[in-house]
Amino acid sequence: MHSSLVPLMVLAMVLTDGSCGAFAQAEEREYEPDVILVIKEKAFHMVKGNVSGQPSEHPAFSLSSGEEITLEVRNEDTLPHEFVSPLFAKVEFQFWGRATMVYTYTANGLRIDPGETVGLRFDLPKDFSGELFKFWCNVHGKLHGDVLQGEIFVVKPKHGSRAQEAS
Amino acid sequence: MKPTDTLRSILTFAGAMAVIAGAIVLAPPDRTLAHDGASDNHGGAHASAKPAAADVEIVVQEGGHPILRGPQTHGQFLTLIAGEPIVLALRNEDHGPREFISPLFTKTEIHFLGRATGIFRKDAAGFRLNPGDTLTLQFTAPFSGFRRMYDLVWCGHDGKPGTEIQELLIVMTEEK
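As they're listed, the protein sequences go chains G and X.
Numbering that gives the first Met the number 0 numbers the first residue of the first sequence as 0 and each following residue consecutively.
Numbering that gives the first Met the number 0 numbers the first residue of the second sequence as 0 and each following residue consecutively.
Simulated from the structure, these hints should not be mistaken for laboratory data.
Treat the hints with caution; some may be incorrect.
What the hints assert, rightly or not - If we take Cβ atoms under 8 Å as the criterion, some of the chain G residues that face chain X in the derived model are:
{"no.": "1", "residue": "88"}
{"no.": "2", "residue": "91"}
{"no.": "3", "residue": "92"}
{"no.": "4", "residue": "93"}
{"no.": "5", "residue": "94"}
{"no.": "6", "residue": "97"}
{"no.": "7", "residue": "98"}
{"no.": "8", "residue": "99"}
{"no.": "9", "residue": "100"}
{"no.": "10", "residue": "102"}
{"no.": "11", "residue": "107"}
{"no.": "12", "residue": "152"}
Even glycine gets a Cβ: it sits at the ideal position worked out from N, Cα and C.
Using the sequences plus the hints, can you model the full thing?
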């Protein structure tokens, strides 16, 4: 008899915890990311951002040069994954959350444990317009053909964008 | 099933749910806790998880020398044991941004919790902290192949090379 109640209780726990988590996240986030990347099933998924118009096999998004960018990366996979890019060897980035620094000669970034979310904020110089920066996970996306990689296209800011308004 | 059995099972379920609900309210997950180390303007999305208790603290205050706190410290000197984990908290109590840069941070994996700007140089790496921010670093002191290895930590001001002697800390990593 009691065993029949166990699934119900587990479901109730999941629902209760899930609703608390969602509420806490909505309360906690005091910034609005321009781009949200979710790592799930060993792949990057862009949840928010401007989809790049360029053909690409991997998730690709565009960022406007001359703007301050806020990017959020969530690891919803069961393994730690990295988010590294040569872009972060060229620009300083602020980060917040819990992660591990990844520091190489050509690309920098963060390793994020399962369940963690990190924020990154950086300024994209105006002269980066037209450049393409790859990003990947060193563990699972470095080899050709691996899926854990993506591309960032830097484009000129559109009229009415933050960079245009600032200038 | 007797009606008393049904009633008992309902009561058992209700009791279990009350315990679960109480546990959730009393012990929220780490991520929903206060914004440790988050600066005023940005709040902390997930800079909110509780950091591990620091073994050593490096605190910079207005116009003063960096202060080392912890049992492994001696003045401007910090001693680490190669292969042993250490939790190091960096705290900026100055009015402007301060940097903590060291070759040590390139020799081992650095896990962090908090908010900072990453500084990556050829032979050194570090962090720039805004006023009021704290960054907790967790790492294993690296082996160098020498009995004692000395590294410097520059606690400079934003944009200025931290070469003033009073802004330097010395980290000695011993192999046992």
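Here is what the structure says about each hint:
1. Hint status for residue 88(G): holds, given a least beta-carbon distance of 7 Å to chain X, under 8 Å.
2. Below 8 Å, beta-carbon pairs count as interface contacts, and residue 91(G) has one with chain X at about 5 Å; its hint therefore holds.
3. The interface hint given for residue 92(G) holds, since its Cβ lies 6 Å from the closest Cβ of chain X, which is under the 8 Å cut-off.
4. The beta carbon of residue 93(G) is positioned within 8 Å of a beta carbon in chain X (closest approach about 4 Å), and the interface hint is therefore held.
5. Taken as an interface hint, residue 94(G) checks out: its beta carbon lies about 6 Å from the nearest beta carbon of chain X, inside 8 Å.
6. Annotation: residue 97(G) was flagged as interfacial toward chain X, and the flag holds, the nearest CB pair being 5 Å apart, inside 8 Å.
7. Interface restraint check for residue 98(G): the shortest CB-CB distance to chain X comes to about 7 Å, inside 8 Å, so the restraint holds.
8. Interface restraint check for residue 99(G): the shortest CB-CB distance to chain X comes to about 5 Å, inside 8 Å, so the restraint holds.
9. A distance limit of 8 Å between C-beta atoms decides the matter here; for residue 100(G) the minimum to chain X is near 5 Å, and the interface restraint holds.
10. The interface hint given for residue 102(G) is met, as the beta carbon of that residue sits about 6 Å from the closest beta carbon of chain X, less than 8 Å.
11. Below 8 Å, beta-carbon pairs count as interface contacts, and residue 107(G) has one with chain X at about 5 Å; its hint therefore holds.
12. Checking residue 152(G) against chain X by beta carbon gives a least distance of about 23 Å; that is not within 8 Å, so the hint is violated.
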